[in-house]
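Each chain, letter by letter, is given below.
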Amino acid sequence: MAAIALAPIAVYASPFNQAISFYAGYIPSLGDNLYSYEQENTFGSTNGVDGINKSLSGFNTSQIHRLIGATAGINLKIVMYDFFALRIGANYFKNVWGGKGKTVYDDGGTTRLLECTYRYDGFDIPVTFGIVIPFYKDMKITFSCGIAYAWGRYRNKFESDAPLLYRGEFKGHDYPLVLNVEGEYFMDEKVALATSLSYYRGTTTVIKDSKQGDGNTDYAPLDFTGYRFLLGISYYFKPI
Amino acid sequence: MKTVHHTIIITIALLLFIFIEHEHAFAIGEFSIGLNAGLTQDPNHLEPAITQWNTQAKTTASDVDQISIPYSFVWGINVRYQFNYFLFRIGAHFTSPYSVRGEADSTRIKISTYQFGLPATVGLIMPLKQRAYFFLGAGLTYNYAYLEIKQTNPDFKVRYADSIPGFHYIMGAEAPLTSKITLSVEWMHQEGRSIPIKDEVSGTDKRTISVKGDFLLFGVNYYIGM
Chain V
1 MAAIALAPIA VYASPFNQAI SFYAGYIPSL GDNLYSYEQE NTFGSTNGVD GINKSLSGFN
61 TSQIHRLIGA TAGINLKIVM YDFFALRIGA NYFKNVWGGK GKTVYDDGGT TRLLECTYRY
121 DGFDIPVTFG IVIPFYKDMK ITFSCGIAYA WGRYRNKFES DAPLLYRGEF KGHDYPLVLN
181 VEGEYFMDEK VALATSLSYY RGTTTVIKDS KQGDGNTDYA PLDFTGYRFL LGISYYFKPI
Chain X
1 MKTVHHTIII TIALLLFIFI EHEHAFAIGE FSIGLNAGLT QDPNHLEPAI TQWNTQAKTT
61 ASDVDQISIP YSFVWGINVR YQFNYFLFRI GAHFTSPYSV RGEADSTRIK ISTYQFGLPA
121 TVGLIMPLKQ RAYFFLGAGL TYNYAYLEIK QTNPDFKVRY ADSIPGFHYI MGAEAPLTSK
181 ITLSVEWMHQ EGRSIPIKDE VSGTDKRTIS VKGDFLLFGV NYYIGM
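Which chain is which? The protein sequence lines are V and X, in order. Numbering of the first sequence is given in the working numbering, commencing with residue 1 and proceeding in unit increments. Numbering of the second sequence is given in the working numbering, commencing with residue 1 and proceeding in unit increments.
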């Protein structure tokens with residue numbers, strides 16, 4: 001591998017270049033189905049938010065959607081010998097839509113209204129290595145793969161007039177696999193408009209609820225798997 | 001289901017034959033051989049079963065060492081023929097996670113699993129500079145998956161293995177190192193689910209195996225002169 005890595009040095013004399021990019025975008029299905037043990041044990045949903053929605057005449061229920069998240073971040077890219085790139089980023093993400101509504105559940109033979117709230121936030125540091133392909137004079141496509149350090153916090157709340165109140169908070173980290181495809185359109189020799197698609201795949205082991213005081217202890221994994229659609233701007237330190 | 005397996009194998013063989021014949025007929029494209037290595041997470045999609053075991057362990061046992069959802073190295077080889085904007089490829093890859101274990105008080109569990117895949121891909125390439133490509137493709141996959149779960153206290157052992165038809169799509173890029181050698185980066189997503197497979201130990205229980213997963217692959221490719 002060392003020979004392969006060093007081979008371009010003899011072939012291409014072009015210097016290294018660095019770029020910094022700022023991105024913002026959205027994440028559909030943030031946290032995936034947001035499963036937790038109590039949703040299965042108490043409310044009869046084996047697949048989290050997907051199975052929690054139920055309705056019954058006489059109850060004012062409302063749809064609980066999967067979360068849509070917003071994300072923003074910074075990215076540093078080192079371009080080596082025109083064709084190869086190392087990318088290191090830092091991103092923050094948070095739910096901005098969905099994850100709130102009313103359903104019903106069976107409380108020992110009595111149907112009750114249940115108000116549900118899901119929240120998810122965190123940050124990640126992806127490191128990927130890949131290939132940069134110049135496309136005409138004013139475009140670059142970068143395709144890279146790697147791994148990220150991802151930290152997340154998933155919170156849920158279930159409240160009924162039983163009276164019942166379950167609150168859960170799950171914090172943990174994982175190292176999801178990362179794929180990134182990035183396209184850049186150069187407005188001049190140093191500044192480019194950028195668009196990026198990322199795919200993360202990784203799930204933690206089961207994490208114990210850290211929320212104290214509600215008398216219940218829940219368990220849930222954190223799921224970082226999903227797509228991210230981003231727009232941004234890049235600045236290259238040397239002209240392309 | 002056997003008909004499906006046979007159909008996939010015959011289709012892959014037919015595609016390979018067409019590539020070779022096409023190469024002899026026109027000799028306008030390029031042949032290359034590639035070696036791939038990379039990573040995948042959760043081969044044979046054990047995550048639902050692992051999370052279920054972990055959750056049960058955490059809610060019932062006092063001392064738990066959870067099963068981690070495994071990462072696994074992937075090794076592969078492929079033969080590719082490309083001409084103009086088209087790509088035809090036959091590959092083979094193998095992956096098996098090193099150690100998948102868990103403990104809950106006196107209960108111990110060990111999962112052994114591997115997956116072998118034979119993807120046949122048809123795709124489009126975007127030639128941007130000499131030997132610099134961006135490519136997209138999709139195709140059928142023949143998979144063979146093996147899964148053994150062994151637990152002590154209470155003791156049980158199950159073993160499932162079968163061939164699984166599936167499909168995949170790929171996205172990647174390639175850049176030159178020399179005039180004949182290139183470096184590639186590639187993502188492959190694959191889907192596939194077995195019919196219920198009979199447990200080889202008890203001969204009664206059945207379960208399905210999903211080969212749904214993602215592979216991140218780095219490759220070195222050698223172009224054969226024509």
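Rather than coming from a laboratory, the hints here were simulated on the basis of the structure. C-beta: ideal position from N, C-alpha, C; glycine also. It cannot be assumed that every hint is accurate.
[Claimed, not checked] Short derived list, chain V residues pointing at chain X, Cβ under 10 Å:
#1 Ser36
#2 Glu40
#3 Thr42
#4 Phe84
#5 Gly146
#6 Gly202
#7 Ile207
#8 Thr225
Exercise for the section: Find the hints from earlier in the document that the structure breaks and name them by number, from lowest to highest. Expected result: 3
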